[in-house]
Structure formats: structure tokens, C-alpha cells
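One-letter residues, chain by chain:
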Amino acid sequence: MGKVLMKGNEVIAEAAVHAGCKYFFGYPITPQSELVAYMARRLPEVGGLFLQAESEIAAINMVCGAASTGVRVMTSSSSPGFSLKQEGISYLVGSELPAVICNIVRGGPGLGNIQPAQSDYFQVTKGGGHGDYNIPVLAPASLQEIVELIQDAFDIADRYRTPVIIMGDGMLGQMMEPVEFGEYSEPIGQTKDWATTGTRGDGAPKIISSLELDAESLEKRNEQLQEKFALIKEQEVRYETYEIADAEYILVAFGTVARITMNAIQKARKHGVKVGLIRPISLWPFPDKPFIETRNKVNGYLAVEMSAGQMIEDVRLAVNGCAPVGFFGRTGGVVPSQEEIYEKIMSFAGGLPV
Amino acid sequence: MLRTDKRITILAGHFGSGKTEISINLALAKRQKYEKVAINDLDIINPYFRSRDVAAILQQQNIELLAPSNRLATADLPIVTGEIYRVLHDFRYQLIVDAGGDEDGAKALGQYYLEWKDLSPELLFVLNGNRPFVSSLEGAAFTIKQIEKSSRLKVTGIINNSNIGSETTIKDVEKGFALSSRLSEELEIPFLYSTISVALKQEAEDFQKTHDVVFIKRFMKLPWEKEETFLGEKSRF
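First to last, the protein sequences are chains A and B. Numbering-wise, numbering that gives the first Met the number 0 puts 294 at position 295 of the first sequence, and it's gapless, one number per residue. Numbering-wise, numbering that gives the first Met the number 0 puts 5 at position 6 of the second sequence, and it's gapless, one number per residue.
It is possible that part of the hints are untrue.
Unchecked claim - Pair ranges (Cβ atoms, derived):
1) F121/A to A74/B: 56 to 64 Å
2) F236/B to F121/A: 22 to 30 Å
3) K233/B to L48/A: 35 to 43 Å
Simulated from the structure, these hints should not be mistaken for lab results. Please read all numbers here as calculations on a predicted model, not as lab measurements. For every residue, glycine included, the Cβ atom is placed at its ideal position computed from N, Cα and C.
Take the sequences, apply the hints, and build the full model.
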């Protein structure tokens, strides 16, 4: 199969099918409805099952059920619908079930609008539902990167028995780019001996549950989860850097916003300001390393987001007071332009002691 | 350019085929010849990247945009404007109708059947052979049948707009042309021409000698495509 021209939402769906996902439970919501529609048409072709649930809450609980049997399963939504899934996501974590959940973010809070946004960063990276937990979050910036990260998402989900979130803004879901789907093979040697596929007189019944009535036992379970999160933090960090070797200022942006900043960076460089970019690809675990390596060398960092300033908190933690951290953001579905990012870079660079 | 003598031209096709880009180009071409040109954004499918998103360019060229009012332009509702009736029977107007994708998008056309059935509107099917579901003869023919059913009109012409965005080569156009020709034969619908991005003008020189070609400009741009694209050192971890 050569290159095809696809919409971001379609790419997410097709990449999931390529990664062996045969089950999808969802409920349409703009701007990710094409994903649901694509799955409805595509999954029967590969012998899978698509089911439109009566609500987002029902969909995530169907995902819990399917994941319990060890199959690769996915659901998707956009901000308000994603909020509805939080209880089920917490149950997935508590029951240690692998699944992939997409959030194609739109302007909020509340019903907001259907324009692109990144303002669900806190929700996806800091838990989102109840209880002590984190979920690996991957944020692609291009449609080709979606293909790769969806495969990674399913692999990570199985490897650690955890839900994984793919986060993109509405623009990533709606835009079109050429993509190519390579051959994918599932990692070998992974057995899901915990899956509830029925006993055949070969042992005790298997139970998937997040219920633990005894306090000491639940604490122990939490400790095990924390160990798992620590391992993920060690193993699953992903990021990209752009022009940081000689950078005096570093922009920090993820997803489509990172692509807008690249042109602003080039323009600033033409005007003599050495700027680079750190693009977190995994939002949790957040990539501290490139900040630790640069924080004593650069004059400052500038976080650029389609939110009122959420990722900037993780940037500040990683920079740890070693350099100033500035912010530029647009909210409500407004996409920052190259020009205004460029202007912000220039004023940020000019306003600091050199 | 973009030859069509009919006063009403409707663009339909699989979603993501490039109907909006062709509609805008067609409106601009018509404006060269006619005083009054209107483009009706009938897209009830896409939430972004619609004719209404280039309102400023159309206004500049004195092309009337018939679209839901600003207050509702980005509402998540399948709204069409009643303004179409103002120009539908006004023979001074050239009207271009940009429908949403597939049969669902064509549903918005069905309601006007009684209004325009005697005005012999042109219903053009835009084909991008690099899109899933319409990359095969069966898929494309199926889509045409569905569109005809929900619009209650017959497709009167096929446009080959095969591309893969910024990475399009003349090979994609040729492949799409072959598919369009087979489709044209199979369904006995005339093939009109291939639309090719102006960026490919040089590469298309030979193809143009032997085929009907219309060069089009791209208007639906992403925020990072508005100025120069980036070069530079990237490292991935």
C-alpha cells in the first residue's frame, strides 16, 4: 500500500486497525466523529466489532469489558465526551486493563465550541478521574506520527497493563496529509494470562476488579501501581528537539502548535535570535531530560500552548528555577499564528538580560 | 478555465476529495467572466476547512458567499442558509454549490430538487483516487450512486482531482485519470478534466499536452503553511 491522503481522525482509526485493534466502542462528537464513522465501516472488514454506545459512559464501560478478555480495544471522544469517560478510565487503571483512548480536544470549558484546543492537558496528564494514578499520554504532531504513536500506544498498554491516551487537537483530527501504513507486528512473547477467557478446569476463576475492601491490601495495590508508574517514567519518555544545539532561548510546544512554532523559530533566527524547540511527545511521562541538559545554558524557555497555561507547570518543574519560563497561549479554539509567536519570541528575548 | 456553461454548478464527491478548493477556484474563474457570482457553502459534514473559512478572499473578489450567518458559522449543527433562494432563480447569477462529502453531504442537495430540476444544473463528481473508499472503481461508482440517490440528481461530469497533498506527483494525477476514465466508461458519465495544483505546473507539462487540465490554487491552508516552511536540525528521543 502506497501513500494515501487521509484525515487525522481516519488515520487514528486505520492505524489502530493496523495495530490489531478489532474492537471499538464509541459515541460521535465533533471534531472526532470521522474516527467513529471510519471504524463503523472498517472494523467489519477485518472481522472486528464496532458498536455505537448510547453514551460515552457506556462506551468506556464496554471498553472495560472487552479489555478484560485481553483483546486490543479502543474508544475515542472529544473534550466534553472525554470528561464523561473519566470514571471508567479510573476503573481501567484500578483493574490494570490495557486500552487506548483518544481525546481530540476542542475549546472548553463546558460545552465550549468545536474549534481546536489543548486545554485538556491537566486532565490527561494529572489523572483526570479519581484516585492516585497517571496514564501514559502521547501527542502526535503530524498524521504520519499518528501511525507510529498509535502502534506504540497499543504496545505500551499491553506491556504495562494500562490505558494509554492519544491526545490531539481538533485541527490534527480534521486536517489532511499523506500517510503510509507500514507492516506492523505485535511484540512477541506477551501472554495475557490474566485475561478472563473462561476456565477449562485449568485453575481458579480469573477476576478483573478494582475493588479492594481491606485498607492495607488497597495500600499495597497502590504501591504496586506506583512502582509501575515509576517504571513507565523511566522507560516511555518521548520527545523531539529542534535547533537547540546553539539555542539561547527554547520554545516548548506539543502537537500541531509545535509545527507552527518551527516557522516562527526560523524567522527569529533570521533576525539574529537563536531559538530552539523542545517538543514533548509523551506528555506523561513529561520529558525532564532535555530541560536538565539545557537549563543552565539558555536564557529562558517559552511555553506555547492552545490553553491558558497548563504544560507550563511541567516546564517549570523540569527547569527547577534555573531559568525564566515565559508563556504564550491562545484559548477558546483560537490557533496561535506564526506571526504572534514570532513577536512573543522577540519581546521575550529583548526583555531579558543577555 | 474550469469550463462549465451551466448557470448552476454543484460539486459533490467523497469527503476530502477537494470539492471546496475546486468550488473556490471555479468561483474565481467565473468571476472573470460574470458580474454576479455566488458560492453556496452547503457543507453540513465538515466542522473546519469550508468555503466560509475563506470568506475574506471571496469578499475581496466580489464573490457572494452564501453560508450560515457568522453567529452560527461554527455551530455544530447541520445548517444551510435560506439565502440560496435569492439567487437560484435570479438569472443574472452564476451559482456554485459546495456540498458536503458523500451521500450524507448530498442530502442537503435533495431539498432543492423541485427548485432546480428545470434549470438543468451541472452536478460534478470530484474524485481523488488517493482517498480511502474511492480508490477503486467499485468504491467510486458506489459513492456516485449514493450521491445521486440522496441529491435526486444525476451526476453530469467527473473531475479528476487525485492528489496526496504536498507530496503529489504527476504519477498520482495519471493514476487518478486512469481510474476516472474507467469510471466514466462504466457509468457513462462524461469525464471533464484533471485539476492539478499550480505548484505542479512544470511537472505537468507533458501530461497537459495530451489531457484536459485545469490548474488550481490551494486556499485551505494550515497555520504553518501560511509562510515559508521550516528547515533545520531535528533530533528525536
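Status of the hints after comparison with the structure:
In this structure the supplied range 56 to 64 Å is violated for F121/A paired with A74/B, their Cβ-Cβ distance being about 27 Å. Our hint of 22 to 30 Å for F236/B and F121/A holds, since their Cβ atoms are close to 24 Å apart. One distance hint, 35 to 43 Å for the beta-carbon pair K233/B and L48/A, holds here, with the actual separation near 40 Å.
The structure is inconsistent with hint 1 alone, although it conforms to all the rest.
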